[in-house]
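In my numbering, each residue carries its 1-based index in the first sequence increased by 27.
Mixed in with the good hints, there may be bad ones.
Unchecked claim - Each computed BS3-like pair below joins lysine-lysine, with the alpha-carbon atoms no more than 25 Å apart:
| # | residue 1 | residue 2 |
| --- | --- | --- |
| 1 | Lys794 | Lys747 |
| 2 | Lys776 | Lys710 |
| 3 | Lys830 | Lys874 |
| 4 | Lys830 | Lys789 |
| 5 | Lys830 | Lys767 |
| 6 | Lys710 | Lys767 |
| 7 | Lys767 | Lys747 |
| 8 | Lys776 | Lys830 |
| 9 | Lys776 | Lys794 |
| 10 | Lys776 | Lys747 |
| 11 | Lys833 | Lys776 |
| 12 | Lys789 | Lys776 |
| 13 | Lys833 | Lys874 |
Honestly, the hints are just simulated from the structure, not real lab data.
Values in this document were obtained by computation on a predicted structure and should not be read as measured data.
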Amino acid sequence: MDRRQLPIFEIERELIAQARAQRRLIVRAPTGSGKSTQIPQMLLDHGLLDEGLPRASRGRAVILQPRRLPTRLLAARVASERGVKLGSEVGYQIRFENVAGADTRLLYETEGVLLRQMLSNPRLDGVSAILFDEFHERHLYGDVTLARALQLQQTTRPDLRLIVMSATLPSGPLEDYLSPCAALEAEGRLFPVAIEYIDRPVDFDRTPAWEIATAEFERVCREGDPGDTLIFMPGAYEIARTVQALGNSAAARGRIILPLHGELPHADQDAAVTGYDRPKIIVSTNVAESSLTIEGVKLVLDSGLARIPRFDPARGINTLLVEKISRASADQRSGRAGRTAPGRGVRLWTEREHAGRALQEVPEIRRLDLSEVMLTLRAAGAGDLREFHWFEPPEPRALDRAETLLRDLGALDAATGAVTELGRRMVGFPVHPRYARMLIAAESFGCVRAVALIAALTQGRSLWMRKPDKSTREQREEVLGEEGASDFFGLMRAFRYADSHHYDVAACHRLGIHANTARQVRALAGFFLDLAEKTGLKIEDRAPETEAICKCILTGFSDQVARRVDTGTLRCLMVHGRKGVLARESAVQDSPLLVASEVREVEGRGGELSVILSLATAVRPEWLEELYPGDFHEQVDVEYDAAERRVTAWRRRLFRDLALESRRVDPPPADAAADILAEEVIKENISLPRWDETTDQWIARVNSLAAWCPELGLAPYSEKDRWLVIRVICRGAVAARDLKDRPVTAAFKDQMDPSRRALVEKHAPEKIELSNGRRARLVYTEGESPHMALRIQDLYDVSDSPKIAKGRVPVVVEILGPNHRPVQVTRDLAGFWRDHYPRVKKEMQRKYPKHEWR
DNA sequence: GAGCACTGC
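With the hints as extra help, turn the sequences into a complete structure.
In structure tokens:
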């Protein structure tokens, strides 16, 4: 096909005109428009790359790609279109591959490569234009390089041309960001895809996604052959279940069913992408959304779910939870059915729910750990990232978290926040700052070689195949052994095994080792070691001590130190009050103290979340004392043990906020013990057996009298006063049973000074003497008059209600019949005798003739 | 089923 028929040529003239007039350009064009291969050539062929440069000097265009493979493929295609050798006029650069020369005019490279180049060539000399391809994917480095390029354009490089190319990004925000700029659009070469939704919402917790997917596939099949089918699921487990469900379905008979996800060996991934003589069903994760293209797909079935990685800056841990994908992502997925012919997209959610979904995915800059990018940008001279001109600014908390970590690692000055000498050396290593710090520390621990390997082992996928079967596990143990102070040691042994077996796939497979990953680890480890050597780190000749390596790991992750809650459990407490569970497969099973190099929250069955600590290394408390002597302190914690029903005290030694050892202090400190028992009494977890009616009455008497006669200056008991008295009662006690015989009412009385106590006894007495010589008990209730209850016969000769509180408060009399049942309640006894007694007497006399009736 | 998407230097 003549490349001039590509849709992008429809806008060539305008594009060149705008590129001449403007330094910033947006080009929106979908897949298949030819933008990635043709626009760079247009710039070159129209002389735009040399414009404004001195005679005979030549500028180059850098075309940024998010992924390595397409970078190489695009460069190869453009080179062949131009009939030049790859690496001459057209070249590419990705990690470990630099196929470009001084005369390269069109340089395809990954976003991360440019960011590193910004460190060594801060003005980007020689670069006339940067093209940001697939910018809508919003990868971290894409956002970062664009922001930094704009900053350069506004300062030292006003001549730099920036062209942002995207497929689907909505217009508006990007124009505002790049303003002043021009925006152009071109058509794509995709076929229409008919979208269908299910009618009724489905709860995937009750009816799993694989069942719905299978049912929908069967439904589509009833309408005719759907052709090659691509099904999107969030992860490997869901994929396995879907494959299983389809295998049991008659509709899928005669079709090849293939899983596809990143953990699969290369051969299996290739199997999913190749064509067969039979129709196929691919069940895939997000790899098939943009990284891998499967030709000939006619039907896409989309669960609408994906596992999305995030960094939680509040807790400083990574999460990987199943989330609903955005509308843009759903369109991208269904678009996979329209690459070669019109297709069909079936979505396992309702149209109504679709309307409520997010327009775009949250960009990486808003959900990933920023410490590495922060250090690189700061070292490249980008200044304060809070002031940086972001397309979308990162969360302030994420910046804070990154800055804190960099200060803790010593990369930023604790006081000024400037990049330290150590920080500058760390930037030299293209790894997370934790590993960069470890590499530098490794020199003094004499283990640079080992740490270079460790750093390499943590990049990309794990060397271990996931969920090995029993025989694989046994083979592993037999060949590699299982001894381990660190999970890294297991990985290192696996790597050495793979290396000594020349990365033989079968030999590695026997032990459940990814041979290809091991090969990449070797390249990386060698690369890190070269860098270490160039930086001037002394590389040891002898094998390092295990302990040195463990200590070195600790320097990178001292904020992820964890302690077992108890022996025999995997549950751990971490510094900063976090909790987690040690990975079951970890080799560090016996050490009570460990450091986790990976902390990740994942979602289990029924949406249950758990924080898994992996890549663990055993730690001895002495190492912490040696490396962080200032981060220790001791404290005595006094607490109530509900099971023992007693106060216990522990002397604890803490590393930061994590208790490393606890020793019981017996007896516990008396004051604190009394306080805690008193609190438990207030909370009614412990009772005071001798707290009785007289106690409550005493409190009611004092409080009532304080209200009736304020001039006496009595204070009513507040919550706090009671607490104080209870505390006195508890003094010297450590267990609930010590309180059994402690007097309570007396304690309340003793707490009051004698003159006041006498006032209470006088004006709010417990008992009152009546005019007929009898003594009656008074019952006090706060806010009410006191009561007394007496039989009529006991009230003879008491002509009127008695009064207390200096005669201000009449006692309410509950008059009882001979059967002790109330006859009348009155605060006016005189009125009773006069108005009611004659009638009462008549009635009662009949019922109780033997009693005295006056 | 105790639990792991995808990139990139």
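Evaluation of the provided hints:
Pair hint Lys794 plus Lys747 does not hold up; C-alpha atoms about 28 Å apart against a cutoff of 25 Å. The hinted pair formed by Lys776 and Lys710 meets the criterion: a straight-line CA distance of about 23 Å does not exceed 25 Å. Simply put, Lys830 and Lys874 have alpha-carbon atoms about 32 Å apart, too far for the 25 Å limit, and the pair is violated. Note on Lys830 and Lys789: the hinted pairing holds, with a Cα-Cα distance of about 12 Å set against a maximum of 25 Å.
Our distance criterion of 25 Å between C-alpha atoms is broken by Lys830 and Lys767, whose separation comes to about 38 Å. In summary, the hint linking Lys710 to Lys767 is supported, as the alpha carbons are separated by about 17 Å, within the 25 Å threshold. Distance hint between Lys767 and Lys747 is fulfilled; the C-alpha atoms sit about 23 Å from each other, no more than 25 Å. Distance check on the hinted pair: Lys776 and Lys830 sit about 24 Å apart at the alpha-carbon level, within 25 Å; holds.
Straight-line distance between C-alpha atoms of Lys776 and Lys794 comes to about 17 Å, which keeps the hinted pair within the 25 Å bound. Note on Lys776 and Lys747: the hinted pairing holds, with a Cα-Cα distance of about 16 Å set against a maximum of 25 Å. In summary, the hint linking Lys833 to Lys776 is supported, as the alpha carbons are separated by about 21 Å, within the 25 Å threshold. With a C-alpha separation of about 14 Å, the suggested pair Lys789 and Lys776 falls inside the 25 Å cut-off, and the hint holds.
Between the alpha carbons of Lys833 and Lys874 the distance comes to roughly 40 Å, so the proposed pair goes past 25 Å and is violated.
Checked against the numbered hints above, the structure breaks hints 1, 3, 5, 13 and satisfies the rest.
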